[in-house]
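Colleague: Letter by letter, the chains look like this.
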Amino acid sequence: MRLIKAVIRPERLYEVITALEEKGFRGFTVMDVVGRGRDGGLKFGEANYMELAKTLLMVAVHDEDVERVVEVIKRHASLGMFGDGKVFICPIEEVWTIRTGKRELGV
Amino acid sequence: MKELIIIVRREKAQDVKALLQDMGIDYVSKPVLGKGKEGGFGYSTRKGVFTSMVPKVLIMGWVEDALYNDVVSRVLSIVHTGHYGDGKIFVMGGLP
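Those protein sequences? They're chains A and B, same order as listed.
Residues 1 to 107 (the working numbering) are what the first sequence spells out, left to right.
Residues 1001 to 1096 (the working numbering) are what the second sequence spells out, left to right.
FYI, nobody ran anything at the bench for these hints, they're computed from the structure.
All clues given are correct.
Label pairs and their calculated CB-CB ranges:
1. B:1010 - A:15: 23 to 31 angstroms
2. B:1031 - A:102: 25 to 33 angstroms
3. A:10 - B:1073: 35 to 43 angstroms
4. B:1081 - A:46: 52 to 60 angstroms
5. A:93 - B:1045: 38 to 46 angstroms
6. A:71 - B:1021: 35 to 43 angstroms
7. B:1093 - A:38: 25 to 33 angstroms
8. A:89 - B:1070: 26 to 34 angstroms
9. A:84 - B:1039: 23 to 31 angstroms
10. A:5 - B:1021: 20 to 28 angstroms
11. A:67 - B:1031: 30 to 38 angstroms
12. B:1031 - A:84: 21 to 29 angstroms
13. A:10 - B:1064: 30 to 38 angstroms
14. B:1021 - A:32: 24 to 32 angstroms
Quick reminder that beta carbons are idealized off the backbone N, C-alpha and C, glycines included.
Produce the entire structure from the sequences given, and follow the hints as far as they go.
Modeller: Here it is in structure tokens:
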């Protein structure tokens, strides 16, 4: 399994979630984060924004579904401008469902 | 070392944090929102059926290889209620 961590614009979150649910990926976790990218924040004359508000969307999926989920996120989170965010894909070794107490899936 | 990402009910978070502290494991925690496999908390109104995200607490920490089996089983025993929404534990391999 893979954990897909997508840092996206907060205003695009619900669009991405709706699209993921339509494709059948219903589980996810969301948190609000601040950070900056390669451009080092934003600068408008005097005003200097060192950190920008983003939303971190985490989806755990099977290996064969990674491409589809990344495709959905790319299509729906993108405005084609700086600050659209990043998608990180991390390997998961084990997943435990606490309700059943069972290890669901290995690598 | 392994990275543990534990997502639990809000009311159980203090117990998990106390356990990790007892075992000498450093962690960070943050309130998060999300939906599980069941698709979140559903409710129906006159305008239709809606689902909303459920608040949880995410606890993230790094654990020694020798210790992590123990941590997982003890967290499971603390947090387990047997109902939907108990949460997940993700174990991710770190650097050797």
